[in-house]
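Visitor: Read top to bottom, the protein sequences are chains P and Y. If you're matching positions, the first sequence starts at 1 in my numbering and goes up one per residue. If you're matching positions, the second sequence starts at 1 in my numbering and goes up one per residue.
It is worth saying that the hints were derived from the structure and are not from the lab. Just so it is clear, the structure is predicted and the values come from calculations on it, not from any experiment. Worth double-checking, as some hints may not be accurate.
Quick list of in silico lysine to aspartate or glutamate cross-link-like pairs, EDC-like style, CA-CA up to 20 Å [as the list claims (entries may be wrong)]:
id, chain 1, residue 1, chain 2, residue 2
1, P, K109, Y, D102
2, P, K58, P, D20
3, Y, K37, P, D32
4, Y, K37, P, E128
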Amino acid sequence: MKGVIFNVFEDFVVKNFGEDVLEDIVEASTLDTAEPFVGPGTYPATDLVALVVTAADKLGVTVDQALRACGRHGFPALASSVPTLMAQFDDAESFLLGLESVIHTEVRKLDADASPARFRVEQVVPGELLMHYESPFGLFGLVHGLLDGVGDWFSVDFTHEMVAADGTNATFRIRFGEAVDGGEPVGAVADA
Amino acid sequence: MAASRSAPSPMPETIADVDAADRLDRLERRLARAREKNAILEGMIEDKTRSLYLAQQEISAKNAFLESILRSMDSAVFVANAEGRIVTIDGAMASRLEREPDSYFGHTLDAVLSLPDHTDEDHELTTLRGLLACPDEGTFATSTGPIPVLLSVSAFTDDDGQTTGAVCVATDMSERKQLEVELRHSQKLESVGQLAAGVAHELNTPIQYIGDSVHFLGDVVTDLLALCAAYGELRDAARPHADLAAVVRAVDEAEDDADLDFVRVEGPSALTRTLDGVDRVATIVKAMKQFAHPGTAQHAPANLNELVATTLIVATNEYKYVADVEFVRGAIPEVLCNQGDVSQVVLNLVVNAAHAIAEKVEGTEHRGAITIETRDDPDGVCLSVSDSGMGIPDAIRSRIFDPFFTTKAPGKGTGQGLAISRSIIVDGHGGRLSVESVEGEGATFRIWLPRAEQP
Numbered sequence: 001m002k003g004v005i006f007n008v009f010e011d012f013v014v015k016n017f018g019e020d021v022l023e024d025i026v027e028a029s030t031l032d033t034a035e036p037f038v039g040p041g042t043y044p045a046t047d048l049v050a051l052v053v054t055a056a057d058k059l060g061v062t063v064d065q066a067l068r069a070c071g072r073h074g075f076p077a078l079a080s081s082v083p084t085l086m087a088q089f090d091d092a093e094s095f096l097l098g099l100e101s102v103i104h105t106e107v108r109k110l111d112a113d114a115s116p117a118r119f120r121v122e123q124v125v126p127g128e129l130l131m132h133y134e135s136p137f138g139l140f141g142l143v144h145g146l147l148d149g150v151g152d153w154f155s156v157d158f159t160h161e162m163v164a165a166d167g168t169n170a171t172f173r174i175r176f177g178e179a180v181d182g183g184e185p186v187g188a189v190a191d192a
Numbered sequence: 001m002a003a004s005r006s007a008p009s010p011m012p013e014t015i016a017d018v019d020a021a022d023r024l025d026r027l028e029r030r031l032a033r034a035r036e037k038n039a040i041l042e043g044m045i046e047d048k049t050r051s052l053y054l055a056q057q058e059i060s061a062k063n064a065f066l067e068s069i070l071r072s073m074d075s076a077v078f079v080a081n082a083e084g085r086i087v088t089i090d091g092a093m094a095s096r097l098e099r100e101p102d103s104y105f106g107h108t109l110d111a112v113l114s115l116p117d118h119t120d121e122d123h124e125l126t127t128l129r130g131l132l133a134c135p136d137e138g139t140f141a142t143s144t145g146p147i148p149v150l151l152s153v154s155a156f157t158d159d160d161g162q163t164t165g166a167v168c169v170a171t172d173m174s175e176r177k178q179l180e181v182e183l184r185h186s187q188k189l190e191s192v193g194q195l196a197a198g199v200a201h202e203l204n205t206p207i208q209y210i211g212d213s214v215h216f217l218g219d220v221v222t223d224l225l226a227l228c229a230a231y232g233e234l235r236d237a238a239r240p241h242a243d244l245a246a247v248v249r250a251v252d253e254a255e256d257d258a259d260l261d262f263v264r265v266e267g268p269s270a271l272t273r274t275l276d277g278v279d280r281v282a283t284i285v286k287a288m289k290q291f292a293h294p295g296t297a298q299h300a301p302a303n304l305n306e307l308v309a310t311t312l313i314v315a316t317n318e319y320k321y322v323a324d325v326e327f328v329r330g331a332i333p334e335v336l337c338n339q340g341d342v343s344q345v346v347l348n349l350v351v352n353a354a355h356a357i358a359e360k361v362e363g364t365e366h367r368g369a370i371t372i373e374t375r376d377d378p379d380g381v382c383l384s385v386s387d388s389g390m391g392i393p394d395a396i397r398s399r400i401f402d403p404f405f406t407t408k409a410p411g412k413g414t415g416q417g418l419a420i421s422r423s424i425i426v427d428g429h430g431g432r433l434s435v436e437s438v439e440g441e442g443a444t445f446r447i448w449l450p451r452a453e454q455p
C-alpha cells in the first residue's frame, strides 16, 4: 500500500487528536515497518490495518468508522496532490468513471510493479453507477470514506451503499441526485 | 516505527523535570523521524531521478530503433487516429509525397491515396471505418505523379479492445505492375510460339509431299523434253513430204506457242529452285519443331553445335537483313543441359547481337557480323556470341542482367532476356555467363556449360 495512505491516516489523527495521540497509536501498534512512512513508499497493508485497529480502540469507534472518517478526511489531500489530473473531471460521476486510470497513473508512476486496488466503475442507468472494488485488503470503510470525500470535493449529493462483498472484493451502488447520509465525517455506514 | 526512535534523554530528577524530559524526548523522536523521512525521500528522489534518466535513455534508444526501421521501409507508413486522420507519416516512400509529410497531418488518407473506381461508401478513405475496409490496391500521389500501391491496413486497439486508429502501409507496386504486363506479354508470346509450333507440325506433311511431287514433276519434265526431242526428229523427217506439210506446220506452230526452247532451258532449273525452296521450308519447319519441342525438361546430354544450328535457322529473320553470321563449330563433347532452356539462351544472345548491329547500321549500307563459336574449355564447353554492334556502355554494364533493365525502345524489348539467360545458365545449369564489350565496337557474350561426361 502506498505511503500516501499512511500519511493520510497520520494527518487525520494529528489534525483531529494531536501529535501525541498519533505517537501513542504508533507506539502501541505492532508494525512490520521500522522507518517513517513517506508518501511515495510502499508498505504492508497490514501495517495500516494495525494502526487503524489501534486508533479505533483508543478513540472508541469501530474500525470501519475509523477508516471511513480517515478516507473522507484524506480525499482532499489526495486530490490536491494531483491537480492536473483532477482538472480533467468536471463532476463526481465522470471522476468516478475515470477513477481507475487516475489510481493506476498515480500508483504506477512510483512503482511500476505495484498492484493497486482496482476500481471498475460502470454506469447502470443515468445517475447510477456500480463500482466494483477489488483489493486483497478489503478496506471497505476506507472506500466509503473516500466516496464521502468525492462528494465533498465536487459539492454534490449522492448516496453510496455496498451491495455485495466477499471479504476482499465489494460492489458499491452510487446514486446521484439523492441526499447523502448527513455528511458527517464518521456517520452511519450504509453497508449491506 | 519504534526501531527508529532516538537515544533516551538524561535521567530526570523532579516531576516537572520528568514532564519536560518526556516532552523533550518526544520532540527529539519527532525530529529524528522527520530527518529520517527527509533522508528516505531524498533517496527516493535520487532513485527515481536515476530510473527516469535510464527510462528516458531506453525510450530514446527504442525510439531511434523504431524510427530507423520505419525509415528503412521502402513503403509509406501512415498512422491514422480514431477519426481516420493522419497523425504520422513514415517510411522511405514518404519523401516522394507532393508536400512535406507534416503538412498532411490532420488530413484524411484521401489527401495522399485514391482508390480504384468504386461505389461502396465503406471504401471511402475519409473515415476510419472506410480506411479499414478499403481494397488492397490504390494509387499514391507522388511529386512525380500517381503510382500504383499495395495497401495494407491494420487496426490498433486500446486496452479495452476499442479501435483507436489504424496503420496503413502503402507499398510501391510499379515494378510488380510492370512485371504483370510483361508476364501477360510473355504468356501471349508463349501462345504465339505454341501456335507456331503447331503450324510447323501441320506444314511438315504437305511440305514432304510437295517435295516428293516436285521431284516427280522434275522426272516428268525430263522425260517429256526427251519425248519432245524425239517428236522433233520425227517432224524433221516428215518435213520433205508434201502431203505432211500441213501436219509439220501445225507442229512448228505448237512448238513456237509453247516456247519449247525456253522451257527446255528454264524448266529444269525452275524445278531445281523449287526443290531448293521446299528443302529450305522443310528445314525451317524441322528447326521450329525442334525448338518448340526440345524433348524432356530434364537435363540430358546434348550436342551444342546442333542446338546452335537449329536456333540460327529459327532466328534467321532477326539477323539476315543486318548481319552475316559465321558459326565456327568446335570439336566439343556433349553438354548436360535442358535443351529448351539453352536454346532460349542462344536465341536471346543472337537476337540481342542482331539488334545491337541493327542499331549501328541503321540508315547505312553496311552490314554487321555475328560470330558464334564453340570450343572445349577447361571450365566446360564454351559458346561465344560476338557482334560488331554498338557495344555496351561502361555505365550500364553492371545492370544488363537486372530484370527489366533495357535500353531498347518501348515495345522492342522486355528487359528480361539477359536476366532469364543468366538465371538459366548460372542457376539452372551451374554454368557461367560473362560479357566483354568495347563501346562502339561490339560485345561478346560467353557461356560455359558442364560436359555431359567429365574428362
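Visitor: Report the numbers of all earlier hints that the structure fails to satisfy, in ascending order.
Guide: Violated hints: 1, 4; rest satisfied.
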